[in-house]
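*Asks:* Now for the letters of each chain:
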Amino acid sequence: MSDTNNNNTITIDGREIPFEEGQTIMDAALAADIYIPHLCHRPGLSPHGSCKLCTVEVNGRSASACTLPAASGQEVSNNTEALNGVRKTITQMLFVEGNHFCPACEKTGDCTLQAVAYHLDMLDGHFPQFYPRREVDASHEGIVLDRDRCIMCELCVRASREVDGKDVFAITGRGVDARLIVNSESGQLADTDITTDDLAAHICPVGAILIKEHGYEVPIGRRTFDLHTVAEPGVEPVILKKGKHADEH
Amino acid sequence: MKSENGPGKQPGTSRNQADNEHLLHLLFDIQQRERHIPQRSIAELARQLALPISQVESVVDFYSFFHREPRGIYDFMFSNCTSCGDVSMMHSLSERLGVTPGKTRADGAVSIDTTSCIGMCDQGPALLVNGRTLTQLTALRLEQIAEQVETGTPVEDWPVEWFRVHDNVRKNGLLLGTPFETGAGLRAAVEKGPEPMLDEITQSGLRGRGGAGFGTGMKWKFCRQAKGDAHYVVCNADEGEPGTFKDRILLTSHAHAVFEGMTICGHIIGAQKGYLYLRGEYRYLLKDLQAVLERRKKSGLLGEKVLGLQDFNFDIEIIIGAGAYICGEESALIESMEQKRGIPRVRPPFPVTRGYLGQPTVVNNVETLAAAAHIAVHGGAWFSGHGSDKSAGSKILSISGDCTTPGAYEYPFGVSIQRILDDCGAEDVQAVQVGGPSGTLIAPDEFERKLGFEDLATGGSFMVYGKDSDLLDVVSNFTHFFAHESCGFCTPCRVGTTLLKNGLDKIASGHGTKSDVDEMFRMATMVKRRSHCGLGQTAPNPLLDALERFPHIFEQRLVHDSEFEPHFDLDAALEEARQISHRDDAEAHLV
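Sequence lines, in order, name chains E and C. Taking the numbering used here, the leading residue of the first sequence gets 10, the next gets one more, and so forth. Taking the numbering used here, the leading residue of the second sequence gets 423, the next gets one more, and so forth.
Note that these hints are calculated values from the structure, not bench results. Predicted model only: the values in this text are computed from it and were never measured. Heads up, a few of these hints could be off.
What the hints assert, rightly or not - Interface residues of chain E toward chain C, partial, derived using beta-carbon atoms under 10 Å:
| id | residue |
| --- | --- |
| 1 | THR64 |
| 2 | THR76 |
| 3 | GLY82 |
| 4 | LEU103 |
| 5 | LEU132 |
| 6 | PHE136 |
| 7 | TYR140 |
| 8 | ILE160 |
| 9 | ILE180 |
| 10 | THR181 |
| 11 | ALA199 |
Said to hold, decoys possible - Calculated cross-link-like contacts (lysine to aspartate or glutamate; reagent style EDC-like; alpha-carbon spacing at most 20 Å):
| id | chain 1 | residue 1 | chain 2 | residue 2 |
| --- | --- | --- | --- | --- |
| 12 | C | LYS872 | C | ASP938 |
| 13 | C | LYS950 | E | ASP130 |
| 14 | E | LYS97 | C | ASP938 |
Stated by the list, open to error - Derived CB-CB ranges, DEER-like:
| id | chain 1 | residue 1 | chain 2 | residue 2 | range |
| --- | --- | --- | --- | --- | --- |
| 15 | E | SER55 | C | ARG951 | 23 to 29 Å |
| 16 | E | PRO246 | C | ASP892 | 41 to 47 Å |
| 17 | C | PHE585 | E | SER55 | 30 to 36 Å |
A virtual CB, placed ideally from N, CA and C, is assigned to each residue, including glycine.
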C-alpha cells in the first residue's frame, strides 16, 4: 500500500490525509500532525478506546478515533465546537470521579489530564465531586501509587503487559467502583516485579504512578506543558520524559 | 495468545479438563462453602488456573454474587426490579431478623441485600436465598422464612413448593405452540447439508431475538466463511434485561429445541463445541439442562459422530454467570467465558471473525436458536409466512407489572400494544416499558404502535404501569440499575450513569430545579451518543423517554422559586451540631 494511492485517504475537518492499511483514524491523524485529544491512547501500545476523549464523528456517526480502522471515504469531524464541548464534559467527569488537587500534585505541569483540560478551556469541574476513598500504596522502594488521581486509562496495564513483559497492573471492580490493583498476593506494589526501569512506572498520564525521590526536579514554569502544548505534533516522547529534559527542546 | 486465558484454553481442543474448572464455577463453590472469597483462595485459584492473581481478584470484584466479606449462613438477595421486586419486603424481613441491609448480622447467621431483576417478574415478589430462587413472596411466607432461619433449618430442607417456578405460558404461538420432535431439526439439517440449510435460515428472515435484530442467516454465513483453528457456537442465556423471563421458559420446557438449534448452527459453521452461558439467577435450571444434554448424547444427537456422521462431533457445555447484566452483551459474554471481567470488546472485529479464544464465534439468543431448530424442520417459508414485512415470525413476550395475567405471550410480529394490553388484562395503563429499561417507555397515545424491528423493537420485556404507578420511581429504579450494572470501562457510561442517578435522586427528593433537569438532559444525550457499548448507549433511554412523554413527573417535584438548590439540605446538615449544643431555637436553624 502506498501513501500516494488515491483510494487510501480520509478527510479530517475537510483536510485530506493518507492512511496505510491497518491504521486507525488516530494513527493517520498523528502521522499527519493532526491533534485529536486523547488520554488512554499512546502510540506503540494496543488501542483501548475507553477514555472517549478522541470521540470524533465519522460520516455523522460517533466513533473513537483510536480504535476505528481508517477506511477510504471516511469524512471525519474532529476539531468542532460540539465535539470539543463533549470532550470538555468528559474531562470534567474524569476530574470529579477522582480526587485531583492540581496545586498539590507533583505531576502538575507534566500532567496530560491537566493539559487536555487547559486545551479544552475547562475552568471548573462543573459536576458535584464524588470524593471517592482510594488507597495510597507507598510500599515499593522506588514507586508510589496514588489512586486518588487514577483515571482508569489502563496505560500502565498495557505498558506492563505489552512492553515490560510483566503483568503488574489491572483494573478491578465494576462501574464507578472500578479501581487500579496490582498483581501480588498481598496486593502491595512492593511484592510485584515492577522496577523503576519499566515503562509502566513512567507512562501514567496523571500523577497516580510516581517515581520516589525525584519530586520537583523541574521547577514549575519549566515543566512539559509550560513549554509545549498538548496539541503539538511529536509531543508524546516529550511527555514521557516528564519535563526532565525539557530544556533541550 | 495472551496468558490470561490460562493453559488448556487453546482453541481446537474440543474436550479439555479446564472447562470443568471455569473460574466462575470454582469461585461459586468457594462462595458457597466459605460464604465469601478469602484472599488466600484468590492466590490459590490463580496458581491452580495459572492466571495472574490480579485477574482472579478483578473477577471476584466484578460479579455481584461474589463477596470479599463473609455473607450470612442465610444469604438473602431480594430482587429490586419494578416487577419481581419488593424492597419493602426486604426491609420487613431485615427488621424481623435484626439485620441491616447490606451488612451481615453480627453472629454471621443472616445477610440481606438487593439484587438486579432475577427474571421472576410473572411470579414476584421474589428473592434468591443462597443462590436459590424463591418466588411468590407474601407477608406470611416472609414470617415462615424468618421461622426457618430462627430454628436453623438448612435451606435445602425448606418446603420445596416455596422454590417452585411456573412457566405461566398464557398464549402459544409459532414456537411455543408447535410441537418439536427431538432430533427432527438436526436430521433435516444433516440431510439437507450445511449450505442449503443456511439458505433456509436466511430465507426465513429470522433476526436476533435479543433485541438488536441482526440477521441470523447472515451471522452464520459470516462465521462459516471466517478462517480459524476452531469455530464456536454460544447460546446467550444471560437474560438480564429487567422484565424478561421468556428464555427461562424456553430453557425449562423447550431445552431440546434450544440445544438442537445450537447443534444445527455448529453443523453449518463447522464448530465442534457449543457453550450455553446461563445467568447465575437461573442456576436452579442447571441439573435439568444437564440431564437434557445427557439424553441427547445417548440419542446420538451430541458427542462424537453426531447422527452417525463420521465428520461431525459436537459437544455442549454450560457456563454459569455470577450476576452481571453487561455479560448479556455478546463480546462481554465472551470475555466472561474467558474467565475475565465482562468488559465489552472493541468492535470490529466482531465475534463472527474473532470471538471466543480469538476464533470465529456465533453468539445467539436462546429464542433465536429455538426458532432456528423449528425452521430446520418446517422450512424458511413456514417462518417468514408469519409476522410483518421486516420482522418475520413471532416474538415471545415476558409480560409483567400492572395486569391481571402476567406471563409469557407469543405473538406474530406486527401486533399492536393495545392488543397485548387487552389480552393480559391491563386497564387504566399509564405507560408501558417495551423491551425493558434499555428499550422504549411509551404513553397511551402510542398504544396503536406495533411490535417489530421497524417500529418498537424488543428483546421480549413488556412492563405495564397502571395509573397509580409513580413513574418517577420507575425511571429512578432503571437509572439506578444502569449505574449499578455499568462495567466501568468507558468514561461516559462509568461516570455518566452515576451522575444521572445522583441527579434523579436530587429531583426525587424535592431538591431539583429546572437547571437540574436541563443538565440531566444534556448528560443523558451525551452518554447515549458517546458510550462504548449498548449498555451506555441505552442507559439514558428511560430518562429521555420520560422527559419527552411525561415531563410533568419531573416538574411536579421541582423547586420552582429558586434557580439552584444544593444537593444536600444545609439545615438538616446542622442537626448533629444542634444535638451536641442542645439547641433547637430559631437561631440554630437556617430557615
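*Asks:* It remains to establish, for every hint, whether it holds in the given structure.
*Replies:* Hints and how they fare:
For the restraint placing E/THR64 at the interface with chain C, the shortest Cβ-Cβ distance is roughly 5 Å, inside the 10 Å limit, so the hint holds. Here the hint on E/THR76 is kept, as its CB sits about 5 Å from the closest CB of chain C, short of 10 Å. Because the beta carbon of E/GLY82 sits about 17 Å from the nearest beta carbon in chain C, more than 10 Å, this interface hint is broken. For the restraint placing E/LEU103 at the interface with chain C, the shortest Cβ-Cβ distance is roughly 6 Å, inside the 10 Å limit, so the hint holds.
Against a cut-off of 10 Å between C-beta atoms, the interface hint on E/LEU132 is violated, since the closest Cβ of chain C lies about 17 Å away. Because the closest C-beta pair between E/PHE136 and chain C is about 6 Å apart, less than 10 Å, the hint holds. At a threshold of 10 Å, the smallest CB-CB gap from E/TYR140 to chain C is about 12 Å, leaving the interface hint violated. About 8 Å separates the beta-carbon of E/ILE160 from the nearest beta-carbon of chain C, less than 10 Å, and the hint is met.
Taking 10 Å as the C-beta contact cut-off toward chain C, the hint placing E/ILE180 at the interface holds, the least distance being around 7 Å. Interface hint status for E/THR181: upheld, as the beta-carbon distance to the closest one in chain C is roughly 4 Å, under 10 Å. About 14 Å separates the beta-carbon of E/ALA199 from the nearest beta-carbon of chain C, more than 10 Å, and the hint is not met. As the CA atoms of C/LYS872 and C/ASP938 are separated by approximately 34 Å, the hinted pair breaks the 20 Å bound.
Between C/LYS950 and E/ASP130 the CA atoms are separated by roughly 24 Å; this puts the pair beyond 20 Å, and the hint is violated. Taking the CA atoms of E/LYS97 and C/ASP938, the gap is about 19 Å. The hint holds against a cut of 20 Å. Range check, E/SER55 to C/ARG951: Cβ separation about 25 Å, and the 23 to 29 Å hint holds. At about 57 Å, the beta-carbon gap between E/PRO246 and C/ASP892 misses the expected band of 41 to 47 Å.
Taken as a hint, the range 30 to 36 Å is violated for the pair C/PHE585 and E/SER55, whose Cβ atoms sit roughly 47 Å apart.
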